[in-house]
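Visitor: Protein chains in written order, with the numbering used here: chain Z, 1 to 575; chain X, 1001 to 1361.
Don't take each hint at face value.
Claimed, not checked - Here are the simulated DSS-like cross-link-like pairs (lysine-lysine), alpha carbons at most 27 angstroms apart as the crow flies:
#  : chain 1 : residue 1 : chain 2 : residue 2
1  : Z       : K383      : Z       : K270
2  : Z       : K270      : X       : K1191
3  : X       : K1302     : Z       : K526
4  : Z       : K526      : Z       : K145
5  : X       : K1166     : X       : K1326
6  : Z       : K81       : Z       : K98
7  : Z       : K459      : Z       : K330
8  : Z       : K191      : X       : K1191
9  : X       : K1165     : X       : K1105
10 : Z       : K81       : X       : K1302
11 : Z       : K383      : Z       : K435
12 : Z       : K174      : Z       : K81
13 : X       : K1329     : X       : K1239
14 : X       : K1166     : Z       : K526
15 : X       : K1302     : Z       : K86
16 : Z       : K435      : Z       : K191
17 : Z       : K526      : X       : K1165
18 : Z       : K174      : Z       : K145
19 : Z       : K424      : Z       : K435
20 : Z       : K244      : Z       : K305
21 : Z       : K244      : Z       : K220
22 : Z       : K435      : Z       : K325
23 : Z       : K364      : Z       : K383
24 : X       : K1326     : Z       : K191
25 : Z       : K424      : Z       : K364
26 : Z       : K244      : Z       : K86
27 : Z       : K86       : Z       : K435
28 : Z       : K244      : X       : K1302
29 : X       : K1165     : Z       : K98
30 : X       : K1329     : Z       : K220
31 : Z       : K305      : Z       : K295
32 : Z       : K98       : Z       : K86
33 : Z       : K424      : Z       : K325
Stated by the list, open to error - From the derived model, a few chain Z residues whose C-beta atoms are all more than 12 angstroms from chain X:
#  : residue
34 : L95
35 : G250
36 : A284
37 : Y287
38 : P449
39 : E530
FYI, nobody ran anything at the bench for these hints, they're computed from the structure. Heads up, the beta-carbon is just placed ideally off N, CA and C, and yes, glycines get one too.
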Amino acid sequence: MSKTDTTENTAAPEEAARAQLSTAPREDTAVGGPTLGVVGWVRWFWRQLTSMRVALILLFMLSLGAVPGSLIPQTSADELKVQAFKDAHETLTPLYEKLQFFDVYSSVWFSAIYILLFVSLIGCIVPRSWQFVGQLRSRPPGAPKRLDRLPAYTTWRTEAEPEQVREAALTLLKGRRFRAHTAGNAVAAEKGYLREAGNLAFHVALIVMLVAFAWGQLFKSEGGKLVVEGDGFSNTLTQYDDFKSGSQFGVDELEPFSFTLDSFNGTYEKNGPQRGTPRTFEAAVTYSRGGADEKAVIRVNEPLKVGDSKVYLIAHGYAPVVTVKDGRGKTVFHGAVPLLPIDNNITSTGAIKVMDGYRDKNGKKEQLGFQAFFVPTFAGAGKGTMFSQFPGLDFPVMALTGFHGDLRVNSGLPQNVYQLDKSKMTQFMDASGNKLAQRMLPGETMTLPGGAGSITFEKDVKEWASFQISQQPGNGLALTGAIAAIAGLTGSLFIQRRRVWVRAVRGTDGVTVVEMAGLGRSESAKLPEELGDLAVALTAQAPPAPHADPEAVPEPAEEPAEPAEDPAPSGEADK
Amino acid sequence: MILAATTNESLARMSDLLIYSSMAVYTLAFFAHIAEWVLGSRSKVGRTAAALTSRTPAAAPAAVTVQVKQAGGTAVLEKPKVVTRSAAGTRDVPDGPGAAGGTVKGDLYGRIAISLTVLAFAVEAAGVVTRALSVQRAPWGNMYEFSTTFSTVAVGAYLGFLVAKKNIRWIGLPLVTTVLLDLGMATTWLKTPSDQLVPALDSYWLWIHVSTAIFCGAVFYIGAVGTLLYLFRDSYENKLATGGNPGAFARSVMERLPSAASLDKFSYRVNAAVFPLWTFTIIAGAIWAGDAWGRYWGWDAKEVWSFITWVGYAAYLHARATAGWKGRKAAYIALIAFACFLFNYYGVNIFVSSKHSYAGV
Ligand code: HEM
C-alpha cells in the first residue's frame, strides 16, 4: 500500500494516494469481455455488477422505473380508478397490462431493478468492509517523497533537532486523535475513519430497510371494516369487509380483540370560503382483548393500538335508519343502512335490501330492494339540485325508488352490498304509471302501490365509520434501519478522511527543515486550515529559525497563486 | 369566539399586506442587483482568460514560508503559510470578482441590494409569522403557505451563507428573481384564505416533516442555481481553454462568477449537506403516513416523487465518486434531481391525484 505513496509518481502523486483514502471500488476501464471461459465471464459480470458505474445506472433505472406508477392508477392504491382508466383507454390497456403498469411496484421489471441493485450493493459492501478492516489494522502509509506536491503544504526551518520535531509532531497528532506513527524521517498520520464507517453503515442500513420492508410485505395483514354507530367488530377473518394479507401470513396470527363503535363525531367548517372542510373526526370506541372493556377515541392521525394490531379511522358516512313493512303491516326490515359518500359534502348512495321475511299481498315470498340517494344537507325544494350542500347533518333528505323480485343474492356471484342487481327486479309504479320515487324527510313514509307495504325513513340517522385494521411486522426494524442510515450518511458526508505527514530532516546547512503536508479524499478548505493549525501548534516545539541564509531555503519560483496567500481561507471556504 | 375570529382575520389581512410589501422591497432589491451588474466594471475581467492561456501553471509548486519579521530585534512569528494546490487535472482558475466587478460603484449597489434583501426578508418572515398566528398552527397547510415559507427560507439560507462569510453574493440576482416569481405565483394563483387544516394534516408531524421538507427544498434550490451557473461557467472556461472567443456579454457575465471548480464544489457541498436531512424528511413522512393511513409506504404519487428525488440525489453523489462521471455529467444529474423535487411540489399537487392533496391547493 505504502509502495505507491513513496514512489515518485510524476503524473499525479496525490491522486494515487487519494484513491486509498476510501474503499471505493476501482473502476474497470477495460470495456471488452474476458477471454477466460465461463468462470472468467461470471467473474467479469460480477465485477461489472458491483462497480460504481453499474450501481449508478441501476439507481437511475430505479428512479425512472418509479415514474409510471405515479402517473398511471395503481391496483394496490385504487382498484376503481384502475377500472375507470381501463374503460377509458381501450387501446392502451392491453399494452399497459403487458408491461404491468397497473402494478408497477410489484412488477417483474421493477423488482428486477431493485434486486439487481441490492445484489450489487451487497457485492460491493462485503469487499469494502474487509478492505476497511484491513486499513484499520494497518498503519497509515509513509510520507510521499515530494510533500510539496500535495494539496496543502507548509515548511519552515527550525533550530530544534529533527528527532525532537518528529516526537513533538507525533504527540501533537496523537493528541488530536490522529492515528500516527513515525516511518523513516517523517510522521504519518490519518484521521476521519468514521467517514468510511458511516458510509458502510449507511449502505448496510439500506439492506436492513429493504429486508424489513420485504418482511412486512410477506407477513402483513390488512383489512377494512365498516361499522355503524352501536355496532361492533371482532377481529376474525369472517368479520372483514375486505382483507388482504402477505403470502406468509397465517390467519391464526390475527390479534384477538373486539370493539364497538359508540359514536362518531365529525365537525365541519361552518362559514367562510372553506365551508364544509372537515375539522375533526373522532370515533369513540369501547374495546376489549378478552378482559375488561376499555374506552378509546380513534382519530385520523391517532390509531388505536391493540397488541400488534393498529386500528385506523379511514372514512365515515351516514346510515339512515329505515323500517320496511309488508302489506299486512308486519315489519320485515328495521335497521341502519350505511350509504357510501360520492362527494365531499357526503351526498350518498346505497341500497336497502330486504332479503327474507317479505311476502307480497298474495302471500308469495319475494324480495324488495330500494335505491337510496341521501343528502345530509338538502339545498331545498325547487333549488334544482339533489346534491348535498354541507357535510353536516343539517337538513337530511333521502330519495328512494323501490323494486321487487329477486335480488339474486344467492346467485353465487359476489355482490356489492351498496348496489342493486336489478336484472330480476321490477320497479314499483305509482297509480299514474310512473316509476315510484319519493323524496322523504325523516319521519316520512313511502307507501308501496297495490298494498305492497311501506318504507319509513325514521327520525334517526346514524353515522358509520370505516376502519382499517393492520398488522405489519418489521416496522421496528425498518425504523432502526432508517435511523442507522441517517446516522451513517451524516458521518459519511460530513467527516473528511485525511492524512497528514510531518517530515523533519537536517538541511545542508545543519538547520532542521520541517515539512508538513495534508491530503484529503476530496479537496476541502478545511484541510489547509487544519494543517495551518497543526503547524502553528508545532512551532511551539520547533520555533522557526530566522532566515540566516536566504539561499539555503528554496524560494518559490514565483508568487504563489491567489489561494496560497490565504492560509485560512475561511472567507472562501465554499469555493 | 367571534372576537377571536376578527383578530384572526385582521392578522390574516396584515399577513397579506406584509407579503405584498416584501414583494415591493424584493423588487427594489432586484433593481439594485441589476444596477450592480450593469454599473459594475468589466475592466477587471479577463483573469480567467489570463489564467487559462498563460503558459506557466497558476499554482507553481511553491515551497517555504514561515516568515519571520525582524521587529525591534525580536523575531515575531507569523502563522506558517499553507500553500494549496488543486488536484491534478482540474483547471486552476481564480474566482471572478463578483457582480460588482471589483468596482466601488458596483459594490455599493450590491450592498444596497443586500440591505434591501435583508429588509424584504424581515418583512416576508413577519408575513409568514402573522399568517401562522392568524391560523394558530404551522403556516404550511396549503401551497400558498408553502410558497411563502419556501422563499423566506431560501432567502434566509442565502443570508446565512453571507453572514458566515461564504462566497455567495453571485447568487443574489438569480435568487431575488426566483423569489419574486415564487411570490407572484403564490399571491395570484395559489392564494388561499387562511383557515384550519383538514384533520389528516393536524399532527405534530406536520411541524417536523414539512419544515424539513421546505428547508431542504430551499437549500437544494441554492445548490441547483450553483450547478446551473457551473455548467455555464464551465462551458465558458472550456471555450477559452480551447482558444475560443466568447461574446462580450458572456465574457462580462461569466468573468464575474466564481470559477467553475468553485461553483461545482459549492453545489456539491450544499447538496451533500442537505441530503441526510432530505432522507430524514422522507422517513419522517413515512412515520406520519404510518399513523395517518395505516401504512408507512404506499407508493402514493407524493411518496414516489420524494423517492425519485432521493434516488436522483444519491445518483448525483455516486456520480461524484465515480470516475468519468464527475463534473458536467454529475451536474446534469443534480439538475434532474432538483427538477424532480420541483415536480413533486408543483406537478404532483396540481396535476396528479394523490392522497397528499391539500385543502385549497
Ligand atoms: C450497489 C451498489 C452501490 C455501490 C457500489 C455503492 C458505492 C458507494 C461508494 C464507494 C461510496 C463512497 C463514495 C465516497 O466515499 O465518496 C458511496 C457513497 C454513497 N452511496 Fe453508495 N453504493 C451503492 C449503492 C447505493 C445505494 C443503493 C444507495 C442509495 C440509494 C447509495 C447511496 C450512497 C450515498 C448517499 C453515498 C454518499 C456519497 C458520498 O460519500 O459522497 N449507494 N456508495
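Visitor: Against this structure, judge whether each hint is valid.
Guide: Tested hints:
no.	hint	in the structure
1	Z:K383 x Z:K270	holds (21 angstroms)
2	Z:K270 x X:K1191	holds (21 angstroms)
3	X:K1302 x Z:K526	violated (38 angstroms)
4	Z:K526 x Z:K145	holds (24 angstroms)
5	X:K1166 x X:K1326	holds (24 angstroms)
6	Z:K81 x Z:K98	holds (18 angstroms)
7	Z:K459 x Z:K330	holds (20 angstroms)
8	Z:K191 x X:K1191	violated (53 angstroms)
9	X:K1165 x X:K1105	holds (21 angstroms)
10	Z:K81 x X:K1302	holds (17 angstroms)
11	Z:K383 x Z:K435	holds (22 angstroms)
12	Z:K174 x Z:K81	violated (65 angstroms)
13	X:K1329 x X:K1239	holds (18 angstroms)
14	X:K1166 x Z:K526	holds (13 angstroms)
15	X:K1302 x Z:K86	holds (23 angstroms)
16	Z:K435 x Z:K191	violated (87 angstroms)
17	Z:K526 x X:K1165	holds (15 angstroms)
18	Z:K174 x Z:K145	holds (23 angstroms)
19	Z:K424 x Z:K435	holds (16 angstroms)
20	Z:K244 x Z:K305	holds (19 angstroms)
21	Z:K244 x Z:K220	holds (8 angstroms)
22	Z:K435 x Z:K325	holds (20 angstroms)
23	Z:K364 x Z:K383	violated (42 angstroms)
24	X:K1326 x Z:K191	holds (25 angstroms)
25	Z:K424 x Z:K364	holds (16 angstroms)
26	Z:K244 x Z:K86	holds (23 angstroms)
27	Z:K86 x Z:K435	violated (34 angstroms)
28	Z:K244 x X:K1302	holds (24 angstroms)
29	X:K1165 x Z:K98	violated (57 angstroms)
30	X:K1329 x Z:K220	violated (42 angstroms)
31	Z:K305 x Z:K295	holds (12 angstroms)
32	Z:K98 x Z:K86	holds (13 angstroms)
33	Z:K424 x Z:K325	holds (21 angstroms)
34	L95	holds (21 angstroms)
35	G250	holds (20 angstroms)
36	A284	holds (15 angstroms)
37	Y287	holds (17 angstroms)
38	P449	holds (44 angstroms)
39	E530	violated (9 angstroms)
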